[in-house]
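Trainee: From just these sequences and the hints, can you work out the full model?
Those protein sequences? They're chains L and R, same order as listed.
Residue numbering for the first sequence follows this note's numbering, starting at 1 and increasing by one per position.
Residue numbering for the second sequence follows this note's numbering, starting at 1 and increasing by one per position.
It is worth saying that the hints were derived from the structure and are not from the lab.
Backbone N, C-alpha and C define an ideal beta-carbon position, used for all residues, glycine too.
Where hints are given, some of them may not hold.
As the list claims (entries may be wrong) - Computed, partial: chain R to chain L, Cβ under 10 Å:
1) Thr32
2) Ala35
3) Tyr64
As the list claims (entries may be wrong) - Here are the simulated distance ranges between beta carbons:
4) R:Thr32 <-> L:Pro195: 16 to 22 Å
5) R:Thr32 <-> L:Ala257: 28 to 34 Å
6) L:Ser403 <-> R:Arg59: 25 to 31 Å
What the hints assert, rightly or not - Residues of chain L placed beyond 12 Å of chain R at every Cβ, according to the derived structure:
7) Met1
8) Ser105
9) Asp152
10) Met165
11) Arg281
Spelled out, the chains give:
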Amino acid sequence: MKVLHVTDVDLPARHFNGYDLLDDLATRGVEGKQAVLRKLSDNPDVVALFSGRGDEELQYRLREVERRHSINGLLIPWGRLLAETTEFKNADVVHYHLIHNHVISLYDMKWLFGMKPSVWTFHDPWPLTGHCVHPVTCEGWLSGCETCPYLDRTFPIAHDHADRMWRIKERVFSGLDVDVVVASDWMLNMVQRSPLTSHFEHVHLIPFGIETRSFVRDDEKRASRRRLGVPEDDFVAFFRATRWEFKGLPHIIDAFAAKPPARPTTLLTVDHRGLLKELRREYRIVDLGWVDDDALYPLVFSACDVFVMPSLAEGFGLMAVEAMAAGRPVVCFEGTALPAVTHVPECGIAVPAGDAAALRAALDRLAEDPSEARRRGRLGRDIVAEEYGYERYLDSMAELYRSVLSRHRASGT
Amino acid sequence: MNRKGRPRGGDRLVPDPLTVSSDLEGEFDYSTPEAAEAIRVVAALVLEIREEKTGPLARKVALYERTLGLAVIPVLLRRAIIAARRRSPLRRRRTR
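Mentor: Dropping the structure here:
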């Protein structure tokens with residue numbers, strides 16, 4: 001069986017944009033290809049729709065027009081090129097991933113999805129809203145996004161056309177023949193509640209899986225800390241330092257800035273450097289910057305005592321699962337996929353969204369009671385083995401493709 | 001129409017529903033069936049322009065502009081200025 005994965009770019013987000021499935025599903029009889037706008041790898045199984053700088057230029061201009069007219073994902077012509085590729089024509093099933101990053105026009109979906117049995121992974125709630133990627137606490141998406149109070153959220157719009165975009169999605173999604181994949185109960189619940197998608201008959205809950213073996217490094221905590229320049233006896237909190245509005249960094253800063261730590265504490269971060277200047281006096285900061293090397297993440301998780309992920313919006317939370325696989329407790333906010341993914345309250349710890357004092361209290365509790373951190377860490381590892389193993393994920397995806405194809409063949413479509 | 005009886009490029013490339021000027025930027029309703037059809041037409045035209053093998057990029061950009069109602073001239077100007085600075089002997093001496 002041949003499956004074509006469609007997304008914006010191949011290597012970033014490779015764990016969940018289909019790239020890793022190209023090779024990893026081969027043993028299950030699924031031959032994978034990937035079609036992307038921009039190709040960064042030299043993988044012969046990946047085909048680029050962009051053919052040069054002229055296409056980058058065109059994409060920039062199309063996005064500029066969309067920005068000026070407060071629309072999103074309408075003027076993109078790449079779906080037509082996709083349909084002309086050999087990879088598309090030869091595919092038995094087409095799996096769409098991050099297509100809302102200006103890959104496929106909403107207006108092209110019906111005919112494109114009608115040409116091949118199609119699977120679409122909802123990585124976030126964008127398909128359910130009039131413009132934003134994450135509605136967070138706003139419930140306008142349940143009733144047509146009539147008046148949008150958050151025009152500057154990703155993807156920002158100048159004029160309030162969220163209701164029009166919502167209506168476009170309503171018209172496009174009615175009668176759309178697609179199998180939808182979500183990775184968490186939280187996303188499944190949103191899909192079932194949305195007037196845009198509640199009629200979809202085939203919605204599959206398939207959590208992402210990870211290779212757990214590389215994260216099991218219990219005996220290497222001290223060695224990992226030495227390699228990363230982290231003091232061996234500090235309490236170490238690891239988190240992602242990013243300005244992205246939904247990842248909650250200001251709440252981490254507020255939590256740690258509220259009072260000095262009771263014991264020496266190191267803040268270990270990845271992504272952006274230099275965002276914790278106000279904490280330098282009381283804490284040791286180890287900013288690793290953007291980490292491209294996947295092999296480094298097990299080392300980072302093994303060096304920490306707790307993983308902090310106070311996202312205000314999260315459709316799954318792969319890093320939280322990696323922390324659990326490494327045997328580290330996860331502290332998060334309520335109101336996203338994370339509490340269910342991390343099995344709060346038995347394993348993960350969730351505090352009210354935006355409550356920096358509660359976040360600090362949870363971290364202090366783990367710093368003062370290492371045995372609780374270890375207990376939650378062990379439980380997390382068991383949960384990952386049970387629910388988020390990579391082999392299980394591969395089995396589920398292969399089974400999904402087979403069932404989609406056989407259903408379409410049986411119905412003659 | 002041109003001398004061969006074909007529509008002029010400008011007429012051909014600008015479908016009515018998308019001939020937007022700056023004062024219409026917030027007003028045009030892209031959710032109507034007519035707009036959906038116009039967008040399909042424009043997407044096809046954009047790909048047609050893209051696939052033209054001849055002519056400089058500036059000509060293609062001009063066609064995009066007419067097709068999409070884009071104000072691209074400031075972008076081109078900025079690029080020309082940057083390119084001119086790169087070629088400038090003065091700049092070379094400074095960087096050495």
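Trainee: Indicate, hint by hint, whether the structure satisfies it.
Mentor: Do the hints match the structure? See the list:
Because the closest C-beta pair between Thr32 of chain R and chain L is about 9 Å apart, less than 10 Å, the hint holds. Satisfaction of the interface hint for Ala35 of chain R is found here, the shortest Cβ-Cβ separation to chain L being roughly 8 Å, below the 10 Å cut-off. For Tyr64 of chain R, the interface hint holds, since its Cβ comes within 10 Å of a Cβ in chain L; the closest pair sits about 6 Å apart. In this structure the hint that Thr32 of chain R and Pro195 of chain L lie 16 to 22 Å apart at CB holds, the actual value being about 20 Å.
A hinted range of 28 to 34 Å is violated for the C-beta pair Thr32 of chain R and Ala257 of chain L, which are about 51 Å apart. At roughly 50 Å, the beta-carbon separation of Ser403 of chain L and Arg59 of chain R lies outside the given 25 to 31 Å, and the hint is violated. A cut-off of 12 Å between C-beta atoms confirms that Met1 of chain L is not in contact with chain R; the least separation is 30 Å. Once the 12 Å rule is applied to beta carbons, Ser105 of chain L is inconsistent with being away from chain R; the minimum gap is 7 Å.
Remark: the non-interface label on Asp152 of chain L is consistent with the geometry, its nearest Cβ contact in chain R lying 16 Å away (cut-off 12 Å). Taking the minimum C-beta to C-beta distance to chain R, about 7 Å, the non-interface status of Met165 of chain L is violated against the 12 Å cut. With a minimum CB-CB distance of about 40 Å to chain R, Arg281 of chain L clears the 12 Å threshold, and the non-interface call stands.
The structure shown violates the earlier hints numbered 5, 6, 8, 10.
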